[in-house]
Amino acid sequence: MSADLLRLALADGLPSPLVIRIAVAVLVALVALGVWVRVDRIAWISLRNVHVRKLSSGLTTLSVALGAGLVAAIWLMIAQAEEKYRQSYAGYSAIVGPQEGAPLSLVLSTVMNLGYAPGVVPMSVYRELHDGRLAARWGTNYAIPQARGDYFEGFPIVGTTDDWFTKFARGRDADGGPRLLRFAAGERWVFGHDDFVAFAEDLAKRKEAELEAAAADDHDHAHDHTHEGDADHDHAQGGDQAQDHDHDHDQDAELPVAWRQAVIGADVAAKLGIGVGDAIVPSHGADDLVAHQHGEAASRIVGVLAPTGTPIDRCVYVPIALFLSMSGHEAIRETAQTIEAGQVQISAIIYDAKHPLAAAQLRYEFQTRDEAQVAWPHIEIAQLLQIVGNAADLLRVIAWLVVAVAAIGVCVALYNTMNERRREIAIMRSLGARRSQIVTIILLEATAIAFVGAVAGIALCHLAAYGAGELVQQRTSVALDWAAFSLDELWLILGVSLLGGLAGVVPAVKGSTTEVAQNLGPVS
Amino acid sequence: MIEIENLRKEYRRGAETVVACSVRALHIERGEQVALIGRSGCGKTTLLNMIAGIVRPSRGALRVAGTDLARLGEGRRDRFRGRHIGMVFQTFNLLQPFSALENVLLGAQFAGHDRAAARDRAHDLLQRVGLGERLHHRPNELSVGQMQRVAICRALINDPELILADEPLGNQDQATGGEVLQMLLGIAREEERTVVMVTHDLDSAALMQRTLDLEHLKEVA
Numbered sequence: 000m001s002a003d004l005l006r007l008a009l010a011d012g013l014p015s016p017l018v019i020r021i022a023v024a025v026l027v028a029l030v031a032l033g034v035w036v037r038v039d040r041i042a043w044i045s046l047r048n049v050h051v052r053k054l055s056s057g058l059t060t061l062s063v064a065l066g067a068g069l070v071a072a073i074w075l076m077i078a079q080a081e082e083k084y085r086q087s088y089a090g091y092s093a094i095v096g097p098q099e100g101a102p103l104s105l106v107l108s109t110v111m112n113l114g115y116a117p118g119v120v121p122m123s124v125y126r127e128l129h130d131g132r133l134a135a136r137w138g139t140n141y142a143i144p145q146a147r148g149d150y151f152e153g154f155p156i157v158g159t160t161d162d163w164f165t166k167f168a169r170g171r172d173a174d175g176g177p178r179l180l181r182f183a184a185g186e187r188w189v190f191g192h193d194d195f196v197a198f199a200e201d202l203a204k205r206k207e208a209e210l211e212a213a214a215a216d217d218h219d220h221a222h223d224h225t226h227e228g229d230a231d232h233d234h235a236q237g238g239d240q241a242q243d244h245d246h247d248h249d250q251d252a253e254l255p256v257a258w259r260q261a262v263i264g265a266d267v268a269a270k271l272g273i274g275v276g277d278a279i280v281p282s283h284g285a286d287d288l289v290a291h292q293h294g295e296a297a298s299r300i301v302g303v304l305a306p307t308g309t310p311i312d313r314c315v316y317v318p319i320a321l322f323l324s325m326s327g328h329e330a331i332r333e334t335a336q337t338i339e340a341g342q343v344q345i346s347a348i349i350y351d352a353k354h355p356l357a358a359a360q361l362r363y364e365f366q367t368r369d370e371a372q373v374a375w376p377h378i379e380i381a382q383l384l385q386i387v388g389n390a391a392d393l394l395r396v397i398a399w400l401v402v403a404v405a406a407i408g409v410c411v412a413l414y415n416t417m418n419e420r421r422r423e424i425a426i427m428r429s430l431g432a433r434r435s436q437i438v439t440i441i442l443l444e445a446t447a448i449a450f451v452g453a454v455a456g457i458a459l460c461h462l463a464a465y466g467a468g469e470l471v472q473q474r475t476s477v478a479l480d481w482a483a484f485s486l487d488e489l490w491l492i493l494g495v496s497l498l499g500g501l502a503g504v505v506p507a508v509k510g511s512t513t514e515v516a517q518n519l520g521p522v523s
Numbered sequence: 000m001i002e003i004e005n006l007r008k009e010y011r012r013g014a015e016t017v018v019a020c021s022v023r024a025l026h027i028e029r030g031e032q033v034a035l036i037g038r039s040g041c042g043k044t045t046l047l048n049m050i051a052g053i054v055r056p057s058r059g060a061l062r063v064a065g066t067d068l069a070r071l072g073e074g075r076r077d078r079f080r081g082r083h084i085g086m087v088f089q090t091f092n093l094l095q096p097f098s099a100l101e102n103v104l105l106g107a108q109f110a111g112h113d114r115a116a117a118r119d120r121a122h123d124l125l126q127r128v129g130l131g132e133r134l135h136h137r138p139n140e141l142s143v144g145q146m147q148r149v150a151i152c153r154a155l156i157n158d159p160e161l162i163l164a165d166e167p168l169g170n171q172d173q174a175t176g177g178e179v180l181q182m183l184l185g186i187a188r189e190e191e192r193t194v195v196m197v198t199h200d201l202d203s204a205a206l207m208q209r210t211l212d213l214e215h216l217k218e219v220a
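Protein chains in written order, with numbering that gives the first Met the number 0: chain G, 0 to 523; chain W, 0 to 220.
This is chain G alone, in the form it adopts within the complex (with noise of 0.2 angstroms):
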């Protein structure tokens, strides 16, 4: 098995990252080894000395446990941000949004749930997308709208269609199929593209007729005016029900029922201790303590989606009209063009498509056209990433001169042990130790007092992981494993630990030179 892996490792004719790594863990282990030998008979004093002086070897313990964590708290937040942001793109092959706003923001809007939306982008644009022209073109997988805003206990409330459920896949899965969303528990709500469709046509044709009111009454409260029908119609069944929906748009009436249905990621139900059955209430703004609440669009749970370890998890999901028809959501929704086209307006479409290059041209297609801008989320979220992995260098930096600092303060508490030991020094010279056994019993306390700040450091970055994971996740859409344990943490250990050691090379030179006759003699 490791000759096969060292075959592989070096098969590509010169050292990789991989061999380099085992010869560097042969070398210290044979270095261990050896050094153990030599010192198993004297470690214990060493331990004793540490031991014996606790609040100085806790001080320095803990300022070497302080670097050494923020080091492994930089290096755990970057790769699990890095590799949740990787694993939180898939799936969304292109994204297409407003003009308004740089791609990144729209791809942290959609993908992440950071910032808001940075504008609303027409529903022609959707309806070329799912069956139109562009469809026609590249062969579409999915086009899934999003209609986002309003929140709910802080987690962001999504308009879409049920594609979502049925279409969108996160990769594959074993047997080769779509890895689409699975349920915890419940099921999916129904509402589809040919709903919406007729949810928009609708919504024009009743904004017509208010317009044809308002010209022939000439009375400001013709916009009152409301359609009498059935409220409990089953939007399953096609297009031509929702022309029959109860739409008053007063803000105490409250929405069809069909539509007051909502599905909730694994954390929001996690976390709110709610499930299936329970309702839940839409507010205008993150911060329910200010945000106006949408009571005539409670909505009741029908299904729990299974963990994803993506922002997916943190969401609700609401059929797209439920969210457009909302009281104050007109202006998100509607412009007299849009309307007048039978049209609305969403925040952003979530596209795949059959033609490999079809997310390519995508983007040249909108290049030239003014309606919508097209994002790819794997080249937006890696140049984000860039960024940040310029920033976390330079964190770094700084991290690893906390633990050179520390690390001189390792030096300094021993060093100025040194003259209240010479007498103790003295007497295990008188004993028969060498020079060179002090020196080695030295350096073992600062490389210990070093190794235990290391793992304590460790076991303190993780702590912290597991304290702040929550605002973490609320801050940056990342949700940390504070239980994650990386290979790079044993390098740090060791590397703390050389550290450590190396800080002890003063002190111990000090140390072995003590005049031995002078400091034998009777204590005053």
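No wet-lab data here; the hints were simulated from the structure. A quick note: this is a predicted structure, and the numbers were derived from the prediction, not measured. Among the hints, a few may not be true.
Taking lysine to any residue pairs in the SDA-like style, the calculated list, with each CA pair at most 20 angstroms apart, reads [what the hints assert, rightly or not]:
id: 1; chain 1: G; residue 1: 53; chain 2: W; residue 2: 96
id: 2; chain 1: G; residue 1: 53; chain 2: W; residue 2: 138
id: 3; chain 1: G; residue 1: 353; chain 2: G; residue 2: 130
Assemble chain W onto chain G, guided by the hints.
Just chain W, lined up with the frame of chain G:
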């Protein structure tokens, strides 16, 4: 066991040369128990340190157990001391962080002896001097007499041919100190070890086979 000829230790203090110890000739047989007496500052402790290999003579010949210590480098003198010499000090010089057992073990560990065997021997020695119940007590938890006994065990741990004792009674009362000294001499006699003891107490010196007045470099008894 010890052969000294024209041994001298000098220190430089500015332009002045201070003679810390000067011994024309001294010969101590294997198994002999000798007391070194003399007024304060005559060089008794310096002589003891030279015999132990802690201080290198400025000139002269010094052979201990057949080894010319004056010619050995520091590291080899340290090794020699660890294997052939046991030391007992006036204030016992026990290390506070370590228990009685660990204090005894220290010398064996520096000499590189097997840990388990050394531990057994330390156990036996402490049992032999009546400290079997005090193995894990720290020095500050022991009486002066008990500390002295621990110090004697520590000197004996490496089975040394030569035991050097510098005012080993310390500030103990005569009865307690005398009793422990008798114990040391008894063990040394049984195992044919050489003992050289620096003391200012003539009663203690009287327990030895020979007493040498270092100041005058002549035998007085």
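Against the structure, the hints come out as follows:
The hinted pair formed by residue 53 of chain G and residue 96 of chain W meets the criterion: a straight-line CA distance of about 12 angstroms does not exceed 20 angstroms. The hinted pair formed by residue 53 of chain G and residue 138 of chain W meets the criterion: a straight-line CA distance of about 19 angstroms does not exceed 20 angstroms. Note on residue 353 of chain G and residue 130 of chain G: the hinted pairing holds, with a Cα-Cα distance of about 13 angstroms set against a maximum of 20 angstroms.
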